[in-house]
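Engineer: Heads up: the sequence lines are chains A and B, in that order. Residue numbering for the first sequence is 1 to 257, as defined by the numbering used here. Residue numbering for the second sequence is 258 to 750, as defined by the numbering used here.
Worth flagging that the hints you see were computed from the coordinates, not collected in a lab. Ideal placement from N, C-alpha and C gives every residue a C-beta, glycine not left out. Each statement offered as a hint is correct.
According to the in silico footprint, chain B covers these stretches of chain A (three or more CB under 8 Å from chain B):
id: 1; segment: 50-61
id: 2; segment: 68-76
id: 3; segment: 90-102
Each chain is listed here by its residues.
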Amino acid sequence: MADLEIRNLHVRIEEREILRGVDLSIDRGEVHALMGPNGSGKSTLANTLLGHPGYEVTEGAIIFKGEDITEAEPHERAKAGLFLAFQYPVSIPGVSVANFLRMAINAKREDPIQVKEFRNELQHAIELLDVDRSFTSRHLNEGFSGGEKKRAEILQMAMLKPDVAILDETDSGLDIDALRTVAEGVDKLHSEQGLGALIITHYQRILHYIKPQFVHIMLDGRIVLEGGVELVERLEREGYDEIRREFGAEPAAAGSQ
Amino acid sequence: MAGEESAEPGRTGEESPARTGEESAEPARAVKPGTGGVAVKAGRHREATLYHALHGAGAGDGRSLAQLREAALAAYESLELPVWRRSGFWTTSFESLDLDALEVRHHSPGPEAIPAVVTETLPERERAGRIVQVDGSVVAVELSPGLAERGVILCSLQDAAREHPELFAQWYSRRLVYDRNKLEAANAAFWTGGAFLHVPAGLAVAEPFEIVYAIAEAGTAQYGRTLIVGERASDFRVHEYDLAGDVEGQALSANAFELYLQDGARCRLAQVQDFSGGSGNASAEVFDASTRFVQVGRDAYCHWLPALLGGHLVRQHLELAVSEPGGDMAFRGIFFAEAQEVLDVFAVDLHETGPSGGDVHWRGAATGQSRASFEGLIQIDPGAQQTHTYLQIHSLMLSPKARIDAIPSVLVSADDVSASHGGTVGELDEDLIFYMQSRGLDRASAVRVIVEGFFEPLVSQLQDEPLEEVVRGKLAAKLAAARGDIEAYATSR
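Okay, chain A solo, but in the shape it has when bound:
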């Protein structure tokens, strides 16, 4: 059994069904890309995997390391080793990046992390993400630029060392340099820590830096096409319209999920 198994997942927000039977398996050490047009349900899947209370699972299951976590609280999923890099990270007033990281790390442990160990790990993550030391004493995401927010997400991922991470449009809003830094960071965590990753993206450009082994195309709440990296090239050539024609899916629902 794979580390993360998504089985026939149906999800509703209020009265609207967004996911209509998603199946997907991810193992540690694997990099998957989930691609699809706006409104196809990619972010809904990401939020549902971490248990956002606004998303209702009506059918199917999420199995993580053999445990059914479909109904688990978000913090229990995090402790089990799941991580979500948010598309729109919120700011936490009055809490510094370093203090928040310490709290999050300690939430997973019996004994609080030693000051020295924490400092060493933070230093390592700072170098990996190429951020300034002063970054960690700023209040988390408060007044951060788009690029800083995304780096802060990956910095948290590096410190929390999840087994499987979902990166929800981490590439959006990044200039090319920031994109390269973030992508190299993810790549390094993948090779150093054996991170399994589900990279959700609308565009192909992040996949020039992180090579996925598996590519899934989502349309209208279902995964309609799966394959290797050649799918990315096909998308680049043909666009989503061609795939939509081929798989007979309905036109994209209005609005982004």
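Mind docking chain B on chain A? Use the hints.
Structural biologist: For chain B alone, coordinates are given in the frame of chain A:
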């Protein structure tokens, strides 16, 4: 925070009230009705429209303390228990207080008279001095010997009246009044013990003077009275604690406080008020009706931060006045209401002359079925040109049944000034909670982080680590006691 009703400065530049009553929220000019026999219909006004700056009833008018007490007694007897109404949606009534059943209790001085709540709350630390009043009696006075040699006076106000008659006559009740309501009159007529601090010219004292008022048992009426004078270019800190033990039944704290800062004096004044008698003790019914006045002189500065953390029914009139050119002040405040508590604050940022500066910033939260009403007033008197002041109020609702009303008012009678206000009304932000939960924090921890972060900008401005820890600890304890409410809040949404 979610649910912003109006703008933070610099965000949109828009100014609007957090909540409006019947009146226009636009900064008003020369509005001072209620004078000249204009009747104000009850329940149709803000307090600002009835407000008169405290004008004094003591110092300099030739009357002795005995005569002032007598006049206050006459006012006490003719007045009813106070009821405050605000904008038709808020009433604070002390009519449920059985004042006749309360008495001023006295204790012999000594450490055994100090109740546990005092020793448990106050931090272990270096201090310049400390005075402790329990119920009606001052039971302990300590002053660092070095400071006594340099002319600092710290004693009970009763002793000051006897031993320092000239200073007492010069300053006592210089701005406080006794004829506005029954409880202010009661204080002026019946006060016992009290605290007097006089810091001589040019003296800087790094460690704080601590002034403690404690209610040890139910059935007590405490009429505490504090008078502080900072002479020219003095620089000092005052930490006041208003505390109650685990009382069962009614008690009253009706305190009066006045602080006068002379030319160039600087004071950091903080107040930790908590009459909850241990969080969640529903039978503790401490009523608190206090009046506090701070006057900032020429080129003087005051940083004042009251932390109002509980009581059955709390009404505080807090007034910070810049009365000489060049005076500057920062008026910060924290409030936290829990369970069935009712809190009513009227905070005035008064500019009697210019140029002057003001910066008012309050933050409050409410849990349980508590209710809090905060009215903040900026008043700029005629001639107080080149005054620049800003008032902001932020509130955070932590329970579906809690309520906070925040009302900013601006009364401006000068034309070369800037005065504005802003604020936010927030609820718990579920996206923020989800974000933290996704990092492994459970819901209760996430809420604690939000609330701590909400208050931290002010707590850190105490600039005194031991005191900051007292306030943080109290906020955390209140939050822990409200855990059930906060869980219920999530499922109600």
